[in-house]
Structure formats: structure tokens, C-alpha cells
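The hints should help you fit chain B onto chain A, whose structure is shown.
Okay, here's what each chain looks like letter by letter:
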Amino acid sequence: MDIERIIRRRRRNDVLFALTGATITAAVLLVLGALAFTLVREGVSRLDLDFLRSYPSRRAERAGLLPAWVGSLLVMLVTGLTGIPLGIAAGVYLEEYTRKGWFASIIELNITNLAGVPSIVYGLMALGLFVYRFHLGPSVIAAGLTLALLVLPIVIVATRETLKSIPQNMREAAYALGATRWQVVRHHLLPYSAGGISTGVIIAMSRAIGETAPLIAIGAVAFVAFLPPVPYSADAFAVAREWAGSEQLSVVEAAVYPGVAWLGTSFTVVPIQMFNWISRPGDDFRANVAAAGIVLIVATIGLNAVAILIRHRMRRRIKW
Amino acid sequence: MALMNKCAAVIGGLGIAASVAMGQTSTIRIDGSSTVYPVTEAVVEEFSAASRGKVKLTIGVSGTGGGFKKFARGEIDISNASRPISTGEMEEAAKNGVEYLELPVCFDALTVVVNTQNDWAKTMTVAELKKIWEPGAQGTITKWNQIRPEWPNEKIDLYGPGTDSGTFDYFTEAVCGKAKASRGDYAASEDDNVLVQGVEGSKYALGYFGFSYYSAHAKRLTAVAIDNGKGGILPSNEAVIAGTYNPLSRPLFIYVNKKALQERPEVKQFVEFYLENVKELAAEVKYTPLPDSAYEAVKSRFAKLQAGTVFGGHSETGLTIDDIVKRETKTGK
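So the sequences go chain by chain: A and B. Take 1 as the starting number for the first sequence in this note's numbering and just add one per residue. Take 1001 as the starting number for the second sequence in this note's numbering and just add one per residue.
If you are wondering where the hints come from, they were derived from the structure by calculation, not from laboratory data. By construction, the Cβ of each residue, glycine as well, lies at the ideal position given by its N, Cα and C atoms. Treat the hints with caution; some may be incorrect.
What the hints assert, rightly or not - Some chain A residues close to chain B (C-beta under 10 Å, calculated; not the full set):
id	residue
1	Tyr55
2	Pro56
3	Ser57
4	Pro138
5	Ala213
6	Ala222
7	Val224
8	Ala225
9	Leu227
10	Val230
11	Tyr232
12	Glu242
13	Ser246
14	Ser266
15	Ser279
Next up, chain A with everything else stripped away, as it sits in the complex (with noise of 0.2 Å):
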């Protein structure tokens, strides 16, 4: 009767949004499948070790990526190094630490703003603050720290949303027993968290991995035929050596210098490369865009691969 006209109406409406729903998700995986498609028919043929092991060159078939892949990788680790540490502690200190009031909440508003706030303008600042009032110049560091700035929100909001789910009782038990706080979040919410941090973390490196715009804006350039010196090589020296501005090097400076010289080198990053390349005239480097987006598509799935890696053997371990 009048029931069962119901259920059948909401049958049908079930039915119904789980075929939108598997229409979409098929219609977004063909467009990805294609653009992949495109990207491996035409790339693959310029995909080797010569193409990883190459210089920029005005000729297609002998241009590399080598400095392009290096310095995105040098300017990762840069990123990683300060952007997380930063923005896990700050997430930490938010979430455990602060009262709560409207000054919190002013901050937090910002923090989520700042999550959303194009990056373009992120290179706008880091070109006034670190290249010219730091003279940090258009190197290795200034797109690192850059960077660092436009992941930061990102692993903010990811540890403190981490940091909620932690059912409150687990902080009590620990202070039950006389651990302070630094100890609760040492040995128990930094732990519980890592796979929820690891993912956000992850997520904020791989959105920085393909950032070009604000790297244009600090100067980074199109074209660099060299590798930032190895740490402690012939090469870092002689950069230790002009920046201590003489030919006898202090024990400080030998020790310090040499070691952070590729800080201070001028880069390329892959997404710049491609720019380069498909900005000239003629169609020859077309396979080289394409097999430099493979690059970039396979470093981004694999992050993403390790984030779930991560997420994974976490969840299995901790069960509330």
C-alpha cells in the first residue's frame, strides 16, 4: 500500500544517486586514463636514463631534465625540512596548548584562510621578504622557505583535525598518571597522530611538488645547465670561498660554508622546464613536456603511494 510505495521510492532514489555517482567517478577516471594516455603515447619514446642524465639543450632529442628534477627535489627538501617541523608544532601547540577565546579563533580563521589564499601571493611576499630584505637572491633556500610558507597552513589544519579525533579520554588517562603535557604529547598524541599528519603532510608536499607561479616570482629561471655543489666537493669550497670573501677559510667557515653552498645556487624546477619547453616555437619538445609530466605524475603518485603506505599500518595498530 501506501509503505511500500514509500520504500520503493526510496529504493529507486537509491539506486539512482549510486548510478550518478558511479556515471561521475567513471567520467573524471576517463578524462585522468586519457590524459595519462596522452601524456605515455607521447612521451614515452623520449623516457630514459639519458633523459634524467641530461642538461637542457637546444636540441630536443639531447635536452634533459637533470637540473630541472634535482632542484625540485633540493627545494622539497628544503620545504620538508622547515615547512613540517613549523607547521606540526604549531598545529600541536594550537590544539593542545592554547585556550581556547576569540583570540584563537581569530588565529584560526586566518590559518584556514591562508590555506586558500593563491599562491602567486605567496611569491609576492617571499620576493620582497626573502630575496631582497634577506638577500637570500632566487636560490635553492628562498624557494624552499617559499614553499615552506604555502604548505604550512595545510599542516596546520591536517595535524590539528588529526589531533581532534584523539578521543579525550585517552589525555586524561595520561594525565591520570601524572604525565605532564609535554609527555602526553610526546608519547601519545604525536604517535596516534602520525598516520593523520603523515597524509596531510604528504598531500601539502605534493601540491608543492607542481607550484611554478610563485617560483617565477622569486626568480627562478628557465634555463640552468649546472648542479648545485655537492656538499663538501672542490665545487662547495669555492663557493665557501666567495662567500667568505677571501682564499684562507676560518675553521668555522670550512666547517659551515661547504656544506650548505647548494642553499645558495640558482635552480630550475620541472613544472618551469615544461613551461620552457612548450613555449618555443616549433613542435620538437613536445615529447619532452610529455615525458617531463611523467616525471612529475609518477613523483606526486608516489608521495601519495607512501601517504597511504603510512595511513595504513597506523590504522591497524591503533584501535580506540
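What follows is chain B alone, placed relative to chain A:
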């Protein structure tokens, strides 16, 4: 604790890096025009190979205007330029104590292109180009039959480079009589491939950019012959060398910071290498090399470290290679 130690080490490292990363004098920094970029890139590639990577070079592509801004502040050593330095840029450089050498390296033929289906605009006069592109044309000259009555009654789709481009500066000076004097209602892009695609995709399109972008896409675009009173001339190496492709053939330059040249042997080596090899390499990347006599004149100017520009802060359009050579030798005394 281990975590804290790591953090401390990172922060300490940053502080040190921040205090020392200022000087990057071992790198030769080049920036500027996208038109000159292929030539300089070829030279840099060969130079890096010849010097076995001992000298480090970077090339940016900020456009001629963007390159001169950095050059005048002393941030880069060499500026790629598709037009001579402007009065404002000269003042800025003087204010910052930047002296420079102006070295012409090759010629380019600025090319006006239309769609391959365009069967009417085979030849255009400079006056007709001016009628289309001058600032007053904005909003009023919109159809082909306003240029010549027998041409189609269809809207002209205009494509051209953006305002930071030396190509834009040169074209407006050559055609409209004043640098940067242009209508604004056209599709502008600093990326010449966008312009190529635009003109390729629209039957009633008209655009302009450097010859190398035309020659790389010659099958997909049609070049317009330019009539400067002596009949239509299509852009080509021969026409540029003969001085008949007027007024759209233009010299391309590198500007070198004089202080860098004097104080840093690697900069001097690089520029020497540039002048020695640019003839061959420019031809390879589809530009017109200067005649040998012109390269000799440029080299002698370089040897004498003769600073300044031979242009009065603006492009002189319609210069033939002969004019440039005379100019070199005259000021070379």
C-alpha cells in the same frame, strides 16, 4: 629530544645560510627577451660544453623590458634585448652606477602573419598596418574592408605580444611611429605559441611575432609581404641582408654589465665566445647573422670596452645591416 635537536640544527643552518647566501658571483646571470633567448641558449650550451661546466650560467625569460629592469638594478650580468635600451632604462642604470656594452648579435625579421585560408591579404603596406594597430584604431577599425574596400566585410581577429615584450616595442615604433603606441583591444600573450595557435585557428586573424616562430610553423601560417613603397617583400634572410625587408627587420642585442666584464674573467670569456660563435649558431636557430664586417666592428667595440648605446634611447626602425656597420665603425673611433 632527537626531534628538538634536529629542529635546532635546521634553524641554525638556516640562519647561517641566510647570512651568507648573498653573493652568487660565480654564476653568470642572463635574462630578458624571449626572442633573443634561442640564440643565447645555443651559445650557452656550446660554451658550457667547451668549458666543461666550469662556468655556471643561467638564462631567464622575463621579456626585454623585464630583463632591462633587472639589468639596470645590477641583478644580472647580461641582458638579452630585442630593442635598444630606452631612455628610462638608461636613467635607471645610470642611477645605480651600471655601465654597459651594447653588442648587436644578429638580425630578426618581425613577421606579420595571417591564416592559411586568408587569400586576400598577400601584401600590406606599412600605412595599412598602422591603420590597424595605431591607438586610434581601438574600437573603430574592426573589419578587413575598412583597410581595403575589396577585402571581406569580416571582423579582424588581432593577435600580438604583450607590453613587456621588445617585439611589441619595436613593432609599435616601426609601424605606429612611437614605442608602445598601440591599440589595446587585441589578444595579447607573452607566449608566442599562443599567438601562433590563435592565428592558425581563425580565418580572419592577423598577428605579428619574431621570424623564428613563423618559420617553425610555416605550414600552418601565411606570412604577409610588407610594402614600404617598393613593392611587397616577404621576410627572409636574403631580404634582411639586402636591407629590403623594411621597416620590420630589427637588430637583436646583448647588453653586458661593464663592471662584471672587467672584474670577472669568466664573463669576458663568455662574451668573447659569444661573439666568436654567434654567426654560426644564430643561423642554426633561424636568425639572420650580421655580415663579417659587422662582427669585426662589434668585437672591436668589445675589445675597447666602449660603454653606452649608439641609439638615442629608442629604436631606429628600418636600419639596414649596412647602417649598423657604419654606426659601429663611426662610434668605434
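**Item:** Those earlier numbered hints the structure runs against, lowest number first
**Value:** Those not satisfied are hints 5, 10, 11, 13.
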